Every structure is written in C-alpha cells, then in structure tokens.
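Colleague: Sequence lines, in order, name chains A and B. Start counting the first sequence at 1; every next residue gets the next number (the working numbering). Start counting the second sequence at 1001; every next residue gets the next number (the working numbering).
Treat the hints with care, since some could be wrong.
What the hints assert, rightly or not - Taking CB as the label site, the calculated pair distances span:
id: 1; chain 1: B; residue 1: Asp1075; chain 2: A; residue 2: Pro96; range: 50 to 58 Å
id: 2; chain 1: A; residue 1: Arg218; chain 2: B; residue 2: Met1125; range: 54 to 62 Å
id: 3; chain 1: A; residue 1: Arg273; chain 2: B; residue 2: Asn1112; range: 54 to 62 Å
id: 4; chain 1: B; residue 1: Pro1087; chain 2: A; residue 2: Pro209; range: 39 to 47 Å
id: 5; chain 1: A; residue 1: Arg94; chain 2: B; residue 2: Asn1115; range: 48 to 56 Å
id: 6; chain 1: A; residue 1: Phe281; chain 2: B; residue 2: Asn1112; range: 30 to 38 Å
id: 7; chain 1: A; residue 1: Gly82; chain 2: B; residue 2: Val1034; range: 46 to 54 Å
id: 8; chain 1: B; residue 1: Asp1131; chain 2: A; residue 2: Ala107; range: 46 to 54 Å
id: 9; chain 1: B; residue 1: Ser1030; chain 2: A; residue 2: Asp270; range: 24 to 32 Å
id: 10; chain 1: A; residue 1: Ala100; chain 2: B; residue 2: Leu1048; range: 50 to 58 Å
id: 11; chain 1: B; residue 1: Lys1094; chain 2: A; residue 2: Glu286; range: 45 to 53 Å
Keep in mind that the hints were calculated from the coordinates and are not lab data. All figures in this text were calculated on a predicted structure; none of them were measured in a lab. Even glycine gets a Cβ: it sits at the ideal position worked out from N, Cα and C.
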Amino acid sequence: MAKAQRIAFVCPRFAEHGTVGGAETLLKALAERVARSGREVNFLTTCATNHFTWENTVPPGTRTYGPLRVTFFPVNEDRDVGAFLSIQHRIDKRQPISRADEETWMAHSVNSRALIQHLRDHLDQYDRIVTGPYLFGISYFASLLDPSKTVLVPCLHDEPFAYLTITRDLFRAVPRFIFNTEPEKTLARRLYDLPDRGLVVGMGIEDMPVDPAAFARRHHLDQPYIIYSGRRETLKGTPILTAYLQAFRERTGRDVRMVFTGSGDIEAPDALRPALLDVGFVSEQEKREAMAGAVCFVHASVNESLGIVLLEAWLAGTPSLVHAKSVVLRDQCRRAGGGLWFRHYPDFEEALLRLLDDPGLRQRLAESGRRFVLEQYSWSAVERRLLAALDADA
Amino acid sequence: MDQADVQIFAPGVDTDAVMRDIQSTVARKSEEGVYADARVARAERTNLIHLRDDEGFLAFYLSALREAAFVDINDFDIRERRARFAPLLVRLKKTIWNLLKFYTFRMWSQQNTVNGLFVTGLETMHEQYQDRIKKLEARIAELEARASGR
C-alpha cells in the first residue's frame, strides 16, 4: 500500500465549473488525479467563490464532483479586513513590519475556523495534507497543524509576501513540497536556505486535435495575429503587449492583429482597438484553435509560477514570446526550446519579425514546444511525479 | 523513486543561440539609431518598472526620455474627413490653429527648453557618476594590486 493513502487537499476555493484561479485549478486537477489513482481524497475548501469579497456564497456541506468528495466550510466572517489590508499595503510597499503584524496579517487573511477544526478532529484519518498557495491563512494554518503530514504547493513568486518571517518559518517547517517549475524550487531554496527537498510536478495538459485555420475562418481574420489568454490586468502585463503591438504596427507597417481570450478590460491605445479581437471566455476547443492559428502566444507577466497557458499554446503547436523578467516563463521557453523572450520593445520587435518572416524557425520552436509538453506534462508523467511527491519521506 | 527520475527537462531548439542573434541585431540597430523613435519611448513606458534593476537600465531610460522629451510644436497637415463642406472646415480649423499657435508656441517652446535641460542635466550627471565610479574602481584595483604585491 502507498505511504500516502488518505489525503486531504485544502484549498481556498473550489470551482464547480471552469476556472477560479491558476493555483486553485492546479490543486483541483491534482486532487482529481490522485483520486483516480485509487487513493482516498477529501477536498476541503471554503464556501467562497469571489476572491475580492470572500463572501460565503455556496452552502456548506459535502458534495461529490466526479471523482472528488468536496467539503465546503464557511470563511470566518469576523475577519478584520481593515487591519489585513492596512498591513498588506505596508508589505506591498516593502516597508519593514514586526512579527506581530505579520501574524495579524495572516490571522485576518482568508481563514476558516470550521475547516481547521475539521482537520484537527480528523488528523489521524489523513496521511497527507496537501495545501496551497502559501500566502492564504487557510493554507498556512492547515500546513502547521501537523507539518510532518504536510505537502505544500506554494505557487511561490518573488514578491513581498515571500520575504516575511512567517513565510520563511512555514517553508522551513514543512518537509514536502510540490513545485510547479525548477525556478520556483530554486527561489524557495535561495530565500529560505532549504535543503534539496520537494519535487517539480506541474500540471498535466490534455492534448486535443485542432484545426489551426478554424478560428481565423470563424472570425473572418485574414491577417496574421498574436494571442494572449487569461486575465487582462497590469500584473499580467497586458498593457505592455498592447503598447508594443501599437508601436510594432506603426513602425513596421505590418497589419498584425491580436486576439484575447479570457476576462477583464483591455487597456489599449484607441488607435489599436480595430486591430484587437476580444472573444472573452471560450471553450477549451476554441481557445486551442485560436492558439494554433496564431503567429505566437505572447505573455508579458513577470510573476508566474507555471504558466499553464504557455504549455497549452505549445501543445497547440504555437511558439511563445515572453517577458525576459519572468524567470519561470523564460526558463520554460529555454527548457522546451519552444519560445523566445524580450527585455524591451526592440527585442519584441526583432523577435516578432523573425517569427513572422522565418517560418522554419517558427516551426522548429513550435515542434520543440509541443514535444516538451507531450513528454513532460502529459498526465501520466505528472501523475508519476505527483505520487512520488506524496509518498516522499519527511 | 530517485529524484533524478522525475526532473523536468527536454532538449529542443537552442533558444539561447536564437536570442543571442536577436540581441546582437538589436544592439547593431540601436547603434544605427533605428530605435531612436518617440513611438518606442511611448511603448516602453509600461515596461520600465520591470527593467529598473537591470544594468544599463538608466542609459536605456535616458535615451527613451530624450526621445519623449520634445513635444512637436510645428505646423501640421490639417485635413477634414467629411467630404461635405471640407474646404470650409479646413479653413476654419487652420484659422483656429493660427490663433492658438500665437499663444501655445511660446508656452510649448519654453516647455521643450525645460524638458531638454532636464534630460541634458540627467545625462551629464549620469556620465559624471559613471566616470567617477570607473576612476574609483581603477583606484581600488591599483590599491589591491599594491597590497597583494606587498
């Protein structure tokens, strides 16, 4: 019998349909995989669905979703959001704060007394508690109930929260980690002076046959286009992409369009609007078709811990162009041989010109990226690493 | 299971080599002034925050600032897209522009002078500090060499 047979997954939110956030999508997918492998999984989460209000919107209780048994617990409604935000603001500004303030910040983060009590009451019934991301109160307190059983899925970025002393102590207390990429693991080891522990697991990506011309045909798009999928916001770098595309079109005279899938307002110069196609949320099939027909997938976020969309684009046979400041995305491009990167506009212009004018290079990058995902991010490869991480000794 | 069995890596295209080639082309074009363009400076505004820790950031920032500092205050081609009354509307716009120009030219030309002085001042300071740092580094190297010789 496996060492980790009975497993609790603890996650701030659960998406009944579709995506709630990258980390939550990841935890749900990993939990489903573990359950399908024949191990006993209980997915513990909150009744909240909105990551701004954290209002309890779904009823508490246990329900079954496919292979998963999911138990919903209410978020503490007496959390002091004012105190939380005030300290968080100082953390964001990298102002020095006391240990007491760090603890107050964590205590008033998203927490569920009922969920932690359930874990405490049933601790003997679980061999492992898999939880993440690291900066939520719920993951923090679940991790520390019995660290010898904890497997942390940190989704760590180089961000102000990573430098708190409570974060350092959490990482030092936990014996097992599931990292998304090698750079994430390297960052954790560098920040917290950790020994070489934890495995890079990632998330499996399903392959699906797509017609690269289907999207353009459906949307009467005759021009070459680049694509971005995901949330459109400053943190994700979408304003950089639109500003660069505008300059590219003006300077080179090339009629290159841009397709967006996902949610959020697109910040873009007015003159660029006619060259943008925003299709919002689309089916997985349509998203992959849109990716498959693009010159490249562009991603200007500098804070990614995996970049699932990058893997999806490679699987669809499209190379990528990412911000060089994103250690993770650049490292993934390097490992996969599937994409290029830019430090500033001149790099972006030159790289995009190469991808447009050198179909041989574009094809080699695309093939290499696709091969990389098929070999490393197939569910069978991910499951092998995942189960190894769960069964690892403390 | 051995940890080495579960590491992620796959050989593919040598993207480092492609990037070296792209970056050397960019460096050559920069020397030729291909990117000395206000449109590049404008596009780069949203990206500067990510570059501030980079070596050479200040030099790049200053060149972007120089391209953006000078407002174009010259006359421009006044057109009218609506065909109806186009000549009349163009004449009206030209009259308005000529009236405005009387006031704005003085203001904007002064602003351009101030912007230019600011950029020149910053560039001069940057060059002076670079020069001082180089001299100090040379001095440190000389002292270290002298100390190790002893």
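Colleague: Indicate, hint by hint, whether the structure satisfies it.
Modeller: Hints, verified against the model:
no.: 1; hint: B:Asp1075 / A:Pro96: 50 to 58 Å; verdict: holds (55 Å)
no.: 2; hint: A:Arg218 / B:Met1125: 54 to 62 Å; verdict: holds (56 Å)
no.: 3; hint: A:Arg273 / B:Asn1112: 54 to 62 Å; verdict: violated (31 Å)
no.: 4; hint: B:Pro1087 / A:Pro209: 39 to 47 Å; verdict: violated (60 Å)
no.: 5; hint: A:Arg94 / B:Asn1115: 48 to 56 Å; verdict: violated (31 Å)
no.: 6; hint: A:Phe281 / B:Asn1112: 30 to 38 Å; verdict: violated (47 Å)
no.: 7; hint: A:Gly82 / B:Val1034: 46 to 54 Å; verdict: holds (52 Å)
no.: 8; hint: B:Asp1131 / A:Ala107: 46 to 54 Å; verdict: holds (53 Å)
no.: 9; hint: B:Ser1030 / A:Asp270: 24 to 32 Å; verdict: holds (29 Å)
no.: 10; hint: A:Ala100 / B:Leu1048: 50 to 58 Å; verdict: violated (36 Å)
no.: 11; hint: B:Lys1094 / A:Glu286: 45 to 53 Å; verdict: holds (51 Å)
Checked against the numbered hints above, the structure breaks hints 3, 4, 5, 6, 10 and satisfies the rest.
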